[in-house]
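Here numbering that gives the first Met the number 0 is used: the first residue of the sequence shown is 0, the next is one more, and so on.
One or more hints might be untrue.
Unchecked claim - With beta-carbon atoms standing in for the labels, derived distance ranges:
id	residue 1	residue 2	range
1	Glu186	Lys144	32 to 38 Å
2	Lys144	Asp52	34 to 40 Å
3	Ala153	Gly255	30 to 36 Å
4	Ala140	Glu178	33 to 39 Å
5	Asp174	Leu18	41 to 47 Å
6	Gly115	Arg17	34 to 40 Å
7	Glu141	Asp79	28 to 34 Å
8	Lys144	Gly55	45 to 51 Å
Calculated directly from the structure, the hints in this document are not laboratory data.
C-beta: ideal position from N, C-alpha, C; glycine also.
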Amino acid sequence: MYVTAPDRVGEVQLSDGRLLGWAEWGPPDGTPVLFSPGAATSRWLGFGAEVIDRLGVRLASVDRPGLGASTPLPGRTFADFVADIRQFTAIRGLGRPAMVGNSQGAPFALACAEGGVTAALAIVSGADEVAAPEFASALPAELRKLVDWTVRDAAEAERFFAGFSADALLDLVLDGSPECDLAVYREPGFADAFRRALNEAFGQGAAGYARDTVLAMRPWAIDLDKISVPVDVWYGELDQSHSPDNGSLLTTRIPGAQHHLVPAIGGAVLWTHAEPILSTLLTRTGTQS
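Let's have the full structure, built from the sequences with the hints guiding it.
Below is the structure:
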């Protein structure tokens, strides 16, 4: 069992009147861990189904603006997301939580770490900064063209990404995954939860996903050198979708970060290795020995 339905769901109202949708798993008085989910997977897709309660984790997932139950915020930036999360953690009584950033949620989690919102961070199968000059010759030709276009004309690229749908994104994930990942993604319980998460994420259209994608594919407005909390960077060794070098360069750019390369799995490592990921994260915060 890779995923279960959330134990609690709801929305919070921010100071400007916008809503942020959230979901939680685990004991309400558990150690808070904030989850920044992957591309358009919304609050409905969690992880660690078999270990959350045992580890005493209160896992909280948040829909980014324009996705799921969260009010759109056209033109939003990483800094806007950090401000939203600062309010969210105060409203929900999460204090300064640990955080997990998966896939396209990774740069948003890194921005929160830079902004001092989190106490420790796990980047898992993170969407890397593909616009970084070090990757100029490492990207496949088609991705290089897409990145260059997004850098050159972000508005036009955002309109292009706004034409995506839940079906298109699901096909993109499945077509780019090795068999070891497909064994996870096609497991009936996971497949149903993934589909529900995608459908809800695109419930307001694709503008939220499009904004996320442009922010992730352009040079990041994040100063990684300023991150002072413990960071662990996790990739599956068979992952060919998220980082040209499975996070090796990214790890060196974050002070003190630790790199973990997990054998025999690709981008599904969050679900197959939830226990070591969460246990390590709790150790970093001093809540688990």
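Okay, the hints, checked on the actual structure:
Glu186 and Lys144 have their C-beta atoms about 35 Å apart, which keeps the hinted 32 to 38 Å range intact. The hinted window of 34 to 40 Å between Lys144 and Asp52 is violated, with their beta carbons roughly 46 Å apart. In this structure, Ala153 and Gly255 meet the distance hint of 30 to 36 Å, their C-beta atoms being roughly 32 Å apart. Look at Ala140 against Glu178: about 25 Å separates their beta carbons, and that is not inside 33 to 39 Å.
The hinted window of 41 to 47 Å between Asp174 and Leu18 is violated, with their beta carbons roughly 34 Å apart. A hinted range of 34 to 40 Å for the beta carbons of Gly115 and Arg17 is inconsistent with their spacing of about 22 Å. For Glu141 and Asp79, the hinted distance range of 28 to 34 Å is satisfied, since their beta carbons lie about 30 Å from each other. Distance hint check for Lys144 and Gly55: the Cβ-Cβ separation is about 47 Å, which falls inside the suggested range of 45 to 51 Å.
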